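Enquirer: Chains as they are written, first to last, in this note's numbering: chain A, 339 to 725; chain B, 1409 to 1670; chain C, 181 to 576.
Please keep in mind that the hints were generated in silico from the structure rather than gathered at the bench. Model, not experiment: these values are computed from the prediction. Incorrect hints may have been included.
Far from chain B, some chain A residues (derived; all Cβ distances over 10 Å) [to be verified]: (1) E345; (2) M349; (3) D387; (4) G390; (5) S440; (6) L480; (7) M539; (8) G679.
Using C-beta positions, here's what the derived DEER-type ranges look like [unchecked claim]: (9) G203/C to D1616/B: 25 to 35 Å; (10) T344/A to Q1577/B: 43 to 53 Å; (11) E1592/B to K513/A: 48 to 58 Å; (12) G646/A to E1608/B: 26 to 36 Å.
Don't be surprised by glycine CBs; every beta carbon is placed ideally from N, CA and C.
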Amino acid sequence: MDYFLTEEQQMIKDLARRIADEKVAPKAAHYDETGEFPWDIMKILADADLFGVYLPEEYGGMGGGVLEQCIVVEELSRACSGVAVSYAASGLGCSPILVLGSEEQKKKYITQVASGKKLAAFGATEANAGSDLAAMETTAVLDGNEYVLNGTKQWITNGGEADIYTVMAVTDKKKGPRGISCFIVEKGTPGFTFGKKENKMGIRASATRELVFDNCRIPKENLLGGKEGIGFIATMRTFDRTRPGIGAQAVGIAQGALDAAVKYSRERVQFGQSISSFQGLQFMLADMATQLEAARALVYATARMIDGGAKNFSKESAMCKLFASDTAMKVTVDAVQVLGGYGYMKEYPVEKMMRDAKITQIYEGTNQIQRHVIALELIKESASKKD
Amino acid sequence: MKIVVCVKQVPDTTEVKINPETNTLIREGVASILNPFDMYAVEEAIRIKEKVGGTVIVLSMGPPQVAEQLKETIAMGADEAILVSDRAFAGSDTLATSYALSKAIEKIADVNLVICGKQAIDGDTAQVGPEIAEKIGIPHLTYVKKIEAISETEITLERMNEDGYERVQMPLPGLITVVKEINEPRLPSLKGMMRSKKAEIPIWSAADIDADPAKCGLNGSPTWVKRIFIPEIKCQGEIFSGEPEEQVKFLVNALVGRKIVV
Amino acid sequence: MGIKIYLEKCYGCKVCVPSCPFGLIEIVDKKAVIKDGCNLCGACVSTCKFKAIEIIRDVKVTIDKSLYKGVWIFAEQRNGQLANVAKELLGEGRKLADELGEPLVAVLLGHNIESEAKQLVAYGADQVFVADAPQLEHFLEDSYTQVLVDLVQKERPNIILMGATAIGRSLAPKVAARLETGLTADCTGLDVDVAEKNLLQTRPAFGGNLMATILCPNHRPQMATVRPKVFKPLEPDLGRKATITKVDLSKTQWEIRAKILEIVNEVGHSVNLEEANIIVSGGRGLCDPKNFELVRELADTLGAAVGASRAAVDSGWIPYAHQVGQTGKTVGPKVYIACGIRGAIQHLAGMQSSDIIVAINKDPDAPIFKLATYGIVGDVLEILPMLTKEFKKALG
C-alpha cells in the first residue's frame, strides 16, 4: 500500500532497508545464536544518523517524529528485531526526557542519544511491579543535594550497554502512583551495577539485564523535570508515544516472515509443482498479507496522529500495539507452517521470527493491559458524552 | 589536502548472466552501479580527509545520467562530484579515458592525491589510474592495501604483490590505486543523503577541460575492439555415477592410478 | 567519427540486437537503430552478416609501421629470480615471432642477473637485453619505465608483452601512456594477423561473461599484459644460442620518486596458491566456515594449497588471499579440486587452464561440471572425508 511518505521519510526508509539487508540480515543468525550485543550495527546506525530521526533538530536530531522512528524500526525488524529493539529502546530511554525533562536535561542527554554516541535505556519494571507500576519497591530519598537510590529493576532492555538510564523510583510511598519520580542515571555512577544478562526466547541480540541500585547517589539535577511525582505520568506518556514503535517492530517481523514464506512457496516443488500453486497455501498467504497490511495501516495512522499534535492517543497507541503484535504472532506461526520442516530448522529465518514475535505481545504493557487501556478509554469517552 | 577520486559507472557484472540457449547476454534487471572497487577509493579519501583535513572531489567520465549516481559519493561524505561528459569521448579506450580525466584533474588544479579503485569490474583493465598519473606527470603506486602516513607532500603506504607487500614512500602529488583490503566503505548517512539531494553536479565538456579532439574518444584510442563473443566452456569430462563410496574410489584410481597425484 | 548503419544493407534481421552489451540497439521499421548512450565499443559490428554496421574513425596513420620489428617480452624478476610468467611469455611469444618472421626478444631489468639472462635464452629468446644497475634491483615504476622507454624508442619493437602481475599491471600502463600507444590488459589469447602485422589480443570482459578481441592497428609498439598461468613455457633448451646485449646505462639520469622502505614476504597460502601443483578449493556448498577443515584435511593429504570461491570469501569464511577467479587469483595447477563450488563464470575464469579439474557438487546441473575432467555428484560434506581417507590409503 502506498502511504505517501514524504521524500525525507522515503529516504529514511531506503537507508534503513539498505542497512537491514546489507548489514543486519547477514548477522541476524549469529546474534541470535550468541546473544552478543550488536555494537557494530549500532555504530552503523549512528553513522547513518538514524538515531536522530525522531528527535528535535535543536537537540541534534533530524526533526522527525513517531512515524520516522516507526519506519526505521519496521525496516530493521524485517531483518532482526533484536537489533531493532536495541535501537528503539534508546528512544524509549530518552522519551521521558523528551516529554517532561528540563531544558538543561534535554540539551545534555538528548543530543548524545541523537548522535548515537550513547545508548539510552528505560527502567520501570521490577520483579513485583510489571503491569502494576504502583507496586514498585525501588526508592529514592533526598539527602542534601543528592538522591539516594535503592532497589532493583528487572528485564531492562539495553541494560549494561546503555550509558543513560531513565529510572522510576518511589519518592513518596503514600501517594501511590503519584509518588513515583523519574531519575536520569548515568552508567558508572557508584552504587549502580548490573545483574547477569538474561537468556531469552527471542530478540536475543538485545541485552536484557537487571539494574541494581545500592545506595546509589545521583545529583539532584537528575530528577526528571526537577519535580517529584511525575514518574507515573512520564511512563504513561512515554508508552503512549512508543507503543506504535512496538507495533512497527511487529509489522517488520511479520513482513520478514511473509517475504520468506512467499519466496519459499514459489521455490518449493511438491507433486511436480511449486507449492504456491496450491490454493490452501495461497489462502494462508493472502490472509497473512491482508492482516499485516491492516496492522501497518493502523500503526502508521496512529504515528501520524501523534505527530500531528493530537492531545490524547492512549487508546490508539494501545490498539496499534495490540493488533500489530497479535498479527505478528499469527503471521510468523503461519510462515513456519508454510515452510514446513524447513521452517522449524534454524537454517531458515522464520523460526527466529516466530520466537522474536512473542515478546511484542508482552512488553511495554501486555496485550491484556492494552485491552484494558482501550476499554477504559471507551468507557471514559462514553461517560463524558452528555446526551 | 585536495584529493580527487576517480570513479566509473559500470553494469553490475555479478548480475550479468548468459542465456545458454541463445548464447547472449541477459541484461534485464542488471543495474548500473558505481564500480565497487572505486567505493574503497572514495572511503579512503574520506578517511584521509577526516584525519588530516581537506577536500574530496569525486571525478567521473561517462554519459550525463552518471551525474545522479555520483551523488551517492556525496551522501557518503565527498565534498563535490564532477562529471566529464561529451559525445567526443565516446569510444574512448584506456589511453583516451586517462587523457580526458587527466585534463579534468589539471582543471581542478592543486591536487595533492588522486585515488582510483584497483580496476573496474566491467573492463578489469586496471590501466586508467597509472595512465592518468603518467599524463599529469606525477608518480603512482598500485594495489595499495594500507596508508601508513600521509601529509600534503608525502605518503607512506603498503602495496600488495604476489609475494606479500612492500612498504613504499612516495612524494605527493601522486596517484594510488587501492584494493579492497584497505577499508570497508561506509553507507551513506541521512544528513549526507539530504546534502546530496541538493548537490549540483557540474558537467564538463571536452571544451571545458581544454581537451584536444584528436586525443579524445575513438580518435584518441589506439586500441579497437575487433570482436566480442561469448566464451565457450569446453566439455570433455567424465561424471561418475553410483554410490558415493564407488565414485570416490573411481576418482582416486583415476588420479593415483595414472600417477597424476603421487 | 561514430557508428553508422547503412540502411540499404540492413534487413532488420535483429542478429545485432542481443550483441550490444548495453542493450542500445532497437529495430524500428525493420531497420536497426542505435539509441543514445552508445559508447562505440564495436561489439555489434562483427555480428552483422551484411556489413551494415560500421564504426567510422577519423584515422590518421602517422607512423611507418614497417620500422617496428620484433616481439618483445618483459622478463619480470622478483628478488633476482625470473618469474614463471616470463617463461610463459617466451613460449607464446615464440609462436607469434615465428609467424611474423620477427625475432623474439627478452628484456631483463635488475641487478646481478646474468644467470637469469641465460635462462631466457634456454626458454626461447633470440636476443636478450639486460639492463643491470643497482637502481633496478627492485621494481619501481619510475626507474623501470625510464629504462624500458629509452630502449623501445631506440629499438622499435612491434609488440611488447608483459605479465599481468602486480608489476606488469603497474608498469605497462605507465610505459604505454608515455609512448602514447595502445595497451590491452590481462590477455588470455594471442594471435597475429601476418599481413598487417597486427596482434590479435583476446581478453575477458564483463567479469568473464564476454571475450573481446582487441587490435592496435595504427600505433606501435602494440602492448599487452598477459594473464599468468594461461600459456605454457617451452621445454628449456640449454644448448640454444642467442645474443645477450648489455644495455648501456652509463648516461642515465635516474629520476626515481618513490622509495621502497621494506619488502615483506608473506610466505604461505598466498604464494603457493599460484605455484601449487594441486589446489583444493571450497565454495558455498560447504554450508559453514568450519567445514573448510574438510577441505584443508584433503589438501594436507595431497600436499595441496587451499583455494576458495568468491562466494566463500564474501561470506567471510576464508581470507581473500585464497580467492580464485576473475577478481581473485588465476591458477593453473595440474589438479584443481572444486568442492561445493557451482562454477560461476567469474570463478571459471580463474581456474579453467588447470590440467585436470575435479568437481564435487550435489547439483548435477552446476556449471562446474561442464568444465570438469572428473565429476562426482553428491554431498560434498559426505564425499570429502571419504576422499581424504581413500587418498591416504592409496598414497600410503
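Enquirer: With reference to the structure, classify each hint as holding or not holding.
Expert: Quick rundown of the hints versus the structure:
1. E345: Label violated. Min Cβ-Cβ 8 Å, cutoff 10 Å.
2. M349: violated, 5 Å
3. D387: Violated, because the least Cβ-Cβ distance between D387/A and chain B comes to about 4 Å, which does not exceed 10 Å.
4. G390: Its Cβ does come within 10 Å of chain B, the nearest being 8 Å, so this is violated.
5. S440: It holds; S440/A is separated from chain B by about 27 Å at its closest Cβ, greater than 10 Å.
6. L480: holds, 42 Å
7. M539: At roughly 31 Å from the nearest Cβ of chain B, M539/A sits farther out than 10 Å, so the non-interface label holds.
8. G679: holds, 24 Å
9. G203/C to D1616/B: 25 to 35 Å: With Cβ atoms ~30 Å apart, the hint holds.
10. T344/A to Q1577/B: 43 to 53 Å: Once the Cβ atoms are compared, 51 Å apart, the range 43 to 53 Å for Q1577/B and T344/A holds.
11. E1592/B to K513/A: 48 to 58 Å: holds, 54 Å
12. G646/A to E1608/B: 26 to 36 Å: Given range 26 to 36 Å: holds, Cβ gap about 35 Å.
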